[in-house]
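Novice: Using the hints provided, position chain S relative to the given structure of chain R.
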Amino acid sequence: MTETKPNIQTDLIPILESVSDPEIPVLSVLDLGVIREAVKEDGVVRIKLTPTYSGCPAMDVMSDDLKAAFYKKGMQAKVQLVLSPAWTTDWISEAGKRKMEEYGIAAPLEETADKDALLGEKKVVKCTNCGSTNTHLVSQFGSTACKALFKCDDCQEPFDYFKCLK
Amino acid sequence: MNQNLYHYILTIADTNLILGQRLGELCGHGPSLETDIALTNISLDLIGQTRSYFQYAASLFDEEKTEDDIAFLRKEREYRNVLLVEQPNTHFGYVMARQFLFDVFHLMFLRELENSKDETLAAIAKKGIKEASYHRRFSSDWIKRLGDGTEESHTKIQEAVNNLWRYTNELFQMTEADVAMVKEGVGVNLEALKEPYYETVSEVLKEATLEVPERKYFQKGGKEGIHTEHMGYLLSDLQYMQRAFPDMKW
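Chains as they are written, first to last, in my numbering: chain R, 5 to 170; chain S, 4 to 253.
To be clear, the hints were calculated from the coordinates, so they are not data collected in a lab.
Any given hint could be a false lead.
Stated by the list, open to error - As a list, the in silico BS3-like pairs of lysine-lysine whose alpha-carbon atoms are at most 25 Å apart:
hint : chain 1 : residue 1 : chain 2 : residue 2
1    : R       : 126       : R       : 77
2    : S       : 209       : R       : 52
3    : R       : 127       : R       : 170
4    : S       : 133       : R       : 9
5    : S       : 68        : R       : 82
6    : R       : 52        : S       : 68
7    : R       : 155       : R       : 103
8    : S       : 120       : R       : 170
9    : R       : 52        : S       : 133
10   : R       : 119       : S       : 252
11   : S       : 209       : R       : 119
12   : S       : 147       : S       : 133
13   : R       : 44        : R       : 82
14   : R       : 126       : S       : 147
15   : R       : 170       : R       : 9
16   : R       : 119       : R       : 130
17   : R       : 155       : R       : 101
18   : S       : 252       : R       : 71
19   : R       : 127       : S       : 147
20   : S       : 133       : R       : 101
21   : R       : 126       : S       : 133
22   : R       : 130       : S       : 133
23   : R       : 101       : R       : 127
24   : S       : 68        : R       : 71
25   : S       : 120       : R       : 52
26   : R       : 155       : S       : 120
27   : S       : 147       : S       : 197
28   : S       : 129       : R       : 170
29   : S       : 147       : R       : 119
30   : S       : 133       : R       : 170
31   : R       : 155       : R       : 71
32   : S       : 129       : R       : 9
33   : R       : 82        : S       : 252
34   : R       : 103       : R       : 170
35   : R       : 9         : R       : 44
36   : S       : 68        : S       : 252
37   : S       : 133       : R       : 119
38   : R       : 82        : R       : 9
39   : R       : 127       : S       : 133
If we strip away everything but chain R, and leave its shape as in the complex, we get:
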């Protein structure tokens, strides 16, 4: 029912890859899965962008950055915000999840494990610093809408966890 595969024209991929999430700069908008469509028609690139969270302030920045990136290559881009189908953390690419972990943000777990983690029932979130799962939830809400705050009980490092959204 949910259309998950985005319609992205292959020759536009390098430009899209150059635009990153302002909050998690190691992730490109493609890694994040927020680009639902990018096609060039009559010299204009039409992009459909979907927000991670309704109020995510990074959306306006991404939209401006996309327009600027295409403008630099001599192309005009029009960005449209689409709400349906709603974004899910499943759309973050495998490469994206890896980059996120290296950056110090624990990647989203699948739904059931995520629930256990956020309710503090099981210790399943892996510390991005030492790899231990001996971690605990500090706050359900983290530095941005999409993250929760955790702390490792082995190496004592605090770290962000990207919440599963389905």
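Specialist: Chain S only, in chain R's frame:
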């Protein structure tokens, strides 16, 4: 323009906006860093949803209108939010009680709105459900923690629930726009949510060792633009920049 649809969107969106504004006032004033961040995160979600509703409402006009015109340039009597959400931030327990009494309704409401014949409203609802269920979990947890906490926290949260209870019934009041939108398969039948709402709220309150208030008299008026004395002060804050510098942009 479909006046009923416009008013229908405003009632939903204004409630989100005003609660978002109230929570935003707490930025930097939360009792701990984590709760401060949580409250502003919830505010951000609510205002994000408001933007989607207002963008849709603005598109209904024949003349050019923006979400900002709707958010900032109306008068008090033109805001249709429920009275519950405009109640001031007195103490953390009060803020959590207000949030909990709204969150339980909000999630139920969005789960119905998701089936609306109006595709835009259905899409906004679908997105919002994920956020609202997280909010509800957070506020329910706090109700339990404070209710089942110390004597002091128990007393304070019980008083807050008793005080805010009078505003809960308005959530289910059907306006002319509600009736018209339900008929068209666009709106949500609020009356049908009433029983499950009080059931869920009572369950959580009991788990929190709190008493369920037995009030028979309820306040209303917000949906018709008749607000409590707190609303004017809230709006003067909210609208300050647009009133001082008309048409300003960031």
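Novice: Okay, which hints does this one fail, numbers in order?
Specialist: 1, 2, 10, 26 and 31
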